[in-house]
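If you read the sequence shown in my numbering, its first letter stands for residue 12, the second for the next number, and so on.
Be a bit skeptical, because a hint or two may be false.
Taking lysine-lysine and the BS3-like style, the derived pairs with C-alpha atoms no more than 27 Å apart in a straight line are [said to hold, decoys possible]:
#1 K66 / K34
#2 K66 / K26
#3 K73 / K26
#4 K34 / K73
#5 K73 / K27
#6 K66 / K27
#7 K30 / K66
#8 K30 / K73
Restraint-style ranges between C-beta atoms, simulated for each label pair [unchecked claim]:
#9 E88 / A55: 27 to 33 Å
#10 G60 / D36: 17 to 23 Å
#11 A59 / K30: 17 to 23 Å
#12 E70 / V15: 18 to 24 Å
#13 M12 / K73: 26 to 32 Å
#14 M12 / H40: 31 to 37 Å
#15 M12 / T39: 29 to 35 Å
#16 E88 / E63: 27 to 33 Å
#17 P61 / V15: 14 to 20 Å
#18 E46 / K66: 17 to 23 Å
#19 S78 / M44: 18 to 24 Å
#20 G38 / M12: 23 to 29 Å
By construction, these hints were calculated from the structure, which means they are not laboratory data. From the three backbone atoms N, C-alpha and C, an ideal C-beta is built for every residue, glycine too.
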Amino acid sequence: MSEVIYDADGLLVSKKGTKFYVKYDVGTHQIAMREDEISEQDAARIMAGPVEANKVLFELQKRLIQSGIDPYVSNIE
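Could you put the whole structure together from the sequences, leaning on the hints where they help?
In structure tokens form, the structure reads like this:
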């Protein structure tokens, strides 16, 4: 079961056990939601405000691209 620890600015950060996840919209013309695992430090940065949250999302998208995942496609069914 997941525990929502932050829900603001279009971002939802949750904790499942010891893992943290961010759920966010990656769509441009239509809604496309993603949920990706992040570190506890990234979760804290997201909760610090929109400027840090944007930095975390850009870093996350870069990591996804480097691992061969398209960060602009929904991974939620």
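Inset, instruction - Report the numbers of all earlier hints that the structure fails to satisfy, in ascending order. - result: Per hint list: zero violations.
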